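S.K.: Just so you know, the protein sequences line up as chains L and P, in that order.
The first sequence begins at 1 in my numbering and counts up by one.
The second sequence begins at 317 in my numbering and counts up by one.
If you are wondering where the hints come from, they were derived from the structure by calculation, not from laboratory data.
Keep in mind that the hints are not guaranteed to be accurate.
Below, computed lysine-lysine pairings styled on DSSO-like, alpha-carbon distance capped at 30 Å [said to hold, decoys possible]:
(1) P/394 / L/105
(2) P/383 / L/105
(3) P/417 / L/111
(4) L/306 / L/294
(5) L/108 / P/606
(6) L/306 / L/71
(7) P/554 / L/111
(8) P/383 / P/394
(9) L/108 / P/383
(10) P/449 / L/9
(11) L/71 / P/554
(12) L/105 / L/71
(13) L/60 / L/105
(14) L/60 / P/554
(15) P/394 / P/606
(16) P/324 / P/394
(17) L/60 / P/449
(18) L/60 / P/394
(19) P/558 / L/108
(20) P/558 / L/111
(21) P/417 / L/105
(22) P/558 / L/105
(23) L/87 / L/108
(24) L/111 / L/87
(25) L/105 / L/9
(26) P/554 / L/87
(27) P/417 / P/394
(28) P/440 / P/558
(29) P/383 / P/324
(30) L/294 / L/314
(31) P/558 / L/87
(32) L/9 / L/71
Examples of chain L residues toward chain P, derived with CB under 7 Å [stated by the list, open to error]:
(33) 82
(34) 91
(35) 98
(36) 103
(37) 107
(38) 145
(39) 273
(40) 277
Since this is a predicted model, take the numbers as computed values, not measurements.
C-beta: ideal position from N, C-alpha, C; glycine also.
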Amino acid sequence: MSLRVENLKVYYRTLAGDVQALDGVTFGIADGEIMGLAGESGCGKSTLGNSLIYLSGRMKYVDGSVELDNKELPIADMHEMDRFRYKEVSIIPQYAMSALNPTRKIGKMAKEIIESRGVDYHSILPEFTRRLELVGLSDDVLRMFSLELSGGMKQRAVMVLSTLLNPSLLIADEITSALDVSTQKAVAEMLVEFRDRGFVKSMMVVTHDLSILHQIADTILVMYAGHLAEKAAAEVIINNPRHPYTRLLISSLPEVGVTYAKKRLTGIAGTPPALLHPPTGCRFKERCPLAFEKCVEQPPFIEVDKGHFVACWKEI
Amino acid sequence: MRRYFARKLLTYSLTFIAAVTVDWAIPRLMPGNPIDDLLARIGTRCNTREQCDAISSYFYNVFGLHKPLWVQYLTFWKALFQGNLGISVMSFPEPVSTLIKNAIPYTLGLLVPAILLSFWAGNKVGALAARRKILDNTVLPLSYTLTATPYQWLAMVLAWTFAVTWRFFPISGGYDPLRTPSWSFGFAGDLLYHWFLPFASLFLVQFGGWAIGMRNMIIYELESDYAHYLEALGAPRKLVRKYAYRNALLPQISGLALAIGAIVGGALVTEIVFGYPGVGSLILSAINNKDYFAIQGIFLFIIVGVLIANFIVDIMYVIIDPRTRIGMQGGS
Chain L
1 MSLRVENLKV YYRTLAGDVQ ALDGVTFGIA DGEIMGLAGE SGCGKSTLGN SLIYLSGRMK
61 YVDGSVELDN KELPIADMHE MDRFRYKEVS IIPQYAMSAL NPTRKIGKMA KEIIESRGVD
121 YHSILPEFTR RLELVGLSDD VLRMFSLELS GGMKQRAVMV LSTLLNPSLL IADEITSALD
181 VSTQKAVAEM LVEFRDRGFV KSMMVVTHDL SILHQIADTI LVMYAGHLAE KAAAEVIINN
241 PRHPYTRLLI SSLPEVGVTY AKKRLTGIAG TPPALLHPPT GCRFKERCPL AFEKCVEQPP
301 FIEVDKGHFV ACWKEI
Chain P
317 MRRYFARKLL TYSLTFIAAV TVDWAIPRLM PGNPIDDLLA RIGTRCNTRE QCDAISSYFY
377 NVFGLHKPLW VQYLTFWKAL FQGNLGISVM SFPEPVSTLI KNAIPYTLGL LVPAILLSFW
437 AGNKVGALAA RRKILDNTVL PLSYTLTATP YQWLAMVLAW TFAVTWRFFP ISGGYDPLRT
497 PSWSFGFAGD LLYHWFLPFA SLFLVQFGGW AIGMRNMIIY ELESDYAHYL EALGAPRKLV
557 RKYAYRNALL PQISGLALAI GAIVGGALVT EIVFGYPGVG SLILSAINNK DYFAIQGIFL
617 FIIVGVLIAN FIVDIMYVII DPRTRIGMQG GS
């Protein structure tokens, strides 16, 4: 097991109180697994992704533990965590297009980052240019400033830079969200390629786009309002979901070959709860067509089938 | 790049022409006239009206003030290109350029170190204070106070404290009047001794401004995406701060270009407070004596100085910021 997350709780400090964006999640990612992390905006998926590598000032570690390759990650300790960043855990950030220093040439910036991590830049340079070529960038970009690159080129440069030290776990945060559909596909395929070539061992792909995950993910973890809803193989989540939220989510996607002239696409009625004072029990119960008395208690996230985890009282 | 410099050169030329015109007009808009003052000062006696008219028209002729205004204006430009700033009325018959030449080392000696050192120190201290609680809580209020202080007021406070109350420093002058200027260490030390207080008042006020600007810019840069990315990759704080400092320096440099005019103005009044024999004191006596030519000449000198300084900063900015540089070359 590459990554093991146990009852992780990370809240956001606000003046009104703590926003419980990530409230006790437990799951694992196997070696070589690409796990998609899906859910709507504000469900805590980016919080989960970020908390595994860098807790920003507003984020507060509350409880839980994270283990990577059987080593405990000190995620709450900014400085202790530095040893693991980049080398063990790395991230392609949501803001990949503005992640490069605008006033440094890309090669120089890469050199400074890599050397600051105690790795010799010159010995890694051939591999760096090889990987840049793999994503369709010539080594000329090393002599350019980021503003000389298009958005897509910047994103690919960041993908290569982020994975250059062969981290065990890569977090890809909403990296396809700002791209057009064909570029999305190309970027998604690069992620698979990176895994297949062993640049990264396992991957967590954070997105709200289930169709991308269907293409590249081995497993999909669905989150709702700071809790886990369901985790299973990608095929199972798409074709055979068991949590009512996942079912409604999947059924609200358009299907190929169906004309929606007569039949209207339906969404899920209602809105997710505010996480400043979240409801007790199952957080989906207000919108759930199957809700019953038991739902005032929080359902456990348990394995109902091999590799298929669901948090719903109806499935136990 | 070529087009950029051509455009800059055009802007600077237009500014120069406008400034010279205003410079020529200002003393002529002042009430009174310099010839009457001159005559009163040298105590010319004339018994009849004709004698008086003859004497004053002689001086009008000497200074060319009898000609129509537009001729005076054109003559002014012509003389300007010959490097001739005219004859001073107050120190007749000394040429204005000599007056300026004597005063300029004092002013430059004050201004250049004050600008460079305060820019350097203010930026360093501001960067250090950003995101460091104790330093921030002390440097910030101090800097706000300093930068809000008018130059001449701080100069008076310093003069009162260090020259009048404690007598650490001389209260006025450029050097001890009992000494003869010479190339000796003793005289150099004396110059430095007189230089210190005017320098300190210029330095401190500017220092506050740069420190605040830098501190705010660093905080902004540390919140930017590239800084967060570096942190997420475990880059040491030193590297993140180095990048932030470099990027925060760019707006500070444009700030310097904007501030140069005000700093020069501040230096002039500071000189007046300390009776420092630079261009500021020269201007004061020129205005008091309605010395058209000296006023024009000194202002012209200041205008050219400020324009040159601005031009240098403009060029520096282009060299330092790849964004403007590449923007001009066109991306590849």
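S.K.: Now tell me, hint by hint, if it's right for this structure.
M.R.: Now for the hints, and whether the structure bears them out:
1. The straight-line distance between the Cα atoms of residue 394 of chain P and residue 105 of chain L is roughly 50 Å, outside the 30 Å bound, and the hint therefore fails.
2. Between residue 383 of chain P and residue 105 of chain L the alpha-carbon distance is near 62 Å, which puts this suggested pair outside the 30 Å criterion.
3. For the hint linking residue 417 of chain P to residue 111 of chain L, the alpha-carbon distance of about 52 Å lies beyond 30 Å, and the restraint is violated.
4. For the proposed pair residue 306 of chain L and residue 294 of chain L, the alpha carbon gap of about 25 Å is at most 30 Å, so the pair holds.
5. Distance check on the hinted pair: residue 108 of chain L and residue 606 of chain P sit about 60 Å apart at the alpha-carbon level, beyond 30 Å; violated.
6. For a cut-off of 30 Å, the pair hint linking residue 306 of chain L to residue 71 of chain L stands: about 26 Å separates their Cα positions.
7. A distance of roughly 15 Å separates the Cα atoms of residue 554 of chain P and residue 111 of chain L; the hinted pair therefore holds under the 30 Å criterion.
8. Pair hint residue 383 of chain P plus residue 394 of chain P holds up; C-alpha atoms about 15 Å apart against a cutoff of 30 Å.
9. Restraint check: the Cα-Cα separation between residue 108 of chain L and residue 383 of chain P comes to about 66 Å, which exceeds 30 Å; the hinted pair is violated.
10. Pair hint residue 449 of chain P plus residue 9 of chain L holds up; C-alpha atoms about 29 Å apart against a cutoff of 30 Å.
11. This hinted pair checks out: residue 71 of chain L and residue 554 of chain P have alpha carbons roughly 27 Å apart, not beyond 30 Å.
12. Distance hint between residue 105 of chain L and residue 71 of chain L is unfulfilled; the C-alpha atoms sit about 36 Å from each other, more than 30 Å.
13. Between residue 60 of chain L and residue 105 of chain L the alpha-carbon distance is near 35 Å, which puts this suggested pair outside the 30 Å criterion.
14. With a C-alpha separation of about 24 Å, the suggested pair residue 60 of chain L and residue 554 of chain P falls inside the 30 Å cut-off, and the hint holds.
15. This hinted pair checks out: residue 394 of chain P and residue 606 of chain P have alpha carbons roughly 22 Å apart, not beyond 30 Å.
16. Restraint check for residue 324 of chain P and residue 394 of chain P: the C-alpha separation of about 24 Å stays at or below 30 Å, so the hint holds.
17. A threshold of 30 Å between alpha carbons decides the hint, and for residue 60 of chain L with residue 449 of chain P the separation of about 20 Å falls inside it, so the pair holds.
18. Taken as a hint, the residue 60 of chain L and residue 394 of chain P pair is broken in the structure, with Cα atoms around 73 Å apart against an allowance of 30 Å.
19. The hinted pair formed by residue 558 of chain P and residue 108 of chain L meets the criterion: a straight-line CA distance of about 14 Å does not exceed 30 Å.
20. The suggested pairing of residue 558 of chain P with residue 111 of chain L holds, with an alpha-carbon distance near 14 Å, which does not exceed 30 Å.
21. In summary, the hint linking residue 417 of chain P to residue 105 of chain L is not supported, as the alpha carbons are separated by about 46 Å, beyond the 30 Å threshold.
22. For the hint linking residue 558 of chain P to residue 105 of chain L, the alpha-carbon distance of about 15 Å falls within 30 Å, and the restraint holds.
23. For the hint linking residue 87 of chain L to residue 108 of chain L, the alpha-carbon distance of about 19 Å falls within 30 Å, and the restraint holds.
24. Among the hinted pairs, residue 111 of chain L with residue 87 of chain L is consistent with the structure: their alpha-carbon atoms are about 15 Å apart, no more than 30 Å.
25. As the CA atoms of residue 105 of chain L and residue 9 of chain L are separated by approximately 39 Å, the hinted pair breaks the 30 Å bound.
26. Proposed proximity of residue 554 of chain P and residue 87 of chain L is supported: the alpha carbons are some 19 Å apart, at most 30 Å.
27. A threshold of 30 Å between alpha carbons decides the hint, and for residue 417 of chain P with residue 394 of chain P the separation of about 21 Å falls inside it, so the pair holds.
28. Note on residue 440 of chain P and residue 558 of chain P: the hinted pairing holds, with a Cα-Cα distance of about 11 Å set against a maximum of 30 Å.
29. The suggested pairing of residue 383 of chain P with residue 324 of chain P is violated, with an alpha-carbon distance near 36 Å, which exceeds 30 Å.
30. Taking the CA atoms of residue 294 of chain L and residue 314 of chain L, the gap is near 9 Å; set against the 30 Å cutoff, the hint holds.
31. Of the pairs offered as hints, the one joining residue 558 of chain P and residue 87 of chain L holds, with about 22 Å between alpha carbons and a cut-off of 30 Å not exceeded.
32. Distance hint between residue 9 of chain L and residue 71 of chain L is fulfilled; the C-alpha atoms sit about 19 Å from each other, no more than 30 Å.
33. Interface hint at residue 82 of chain L: satisfied, since its Cβ lies 4 Å from the closest Cβ of chain P, which is below the 7 Å cut-off.
34. With a cut of 7 Å, the hint placing residue 91 of chain L at the interface with chain P holds, because the nearest CB-to-CB distance is about 5 Å.
35. Hint status for residue 98 of chain L: holds, given a least beta-carbon distance of 4 Å to chain P, under 7 Å.
36. Against a cut-off of 7 Å between C-beta atoms, the interface hint on residue 103 of chain L holds, since the closest Cβ of chain P lies about 6 Å away.
37. Below 7 Å, beta-carbon pairs count as interface contacts, and residue 107 of chain L has none with chain P, the closest being about 13 Å; its hint is therefore violated.
38. About 5 Å separates the beta-carbon of residue 145 of chain L from the nearest beta-carbon of chain P, less than 7 Å, and the hint is met.
39. Interface restraint check: residue 273 of chain L against chain P, minimum CB-CB distance 29 Å, threshold 7 Å, status violated.
40. Checking residue 277 of chain L against chain P: minimum C-beta separation of about 29 Å lies over 7 Å; hint violated.
Hint compliance for this structure: hints 1, 2, 3, 5, 9, 12, 13, 18, 21, 25, 29, 37, 39, 40 are not met, and every other hint is.
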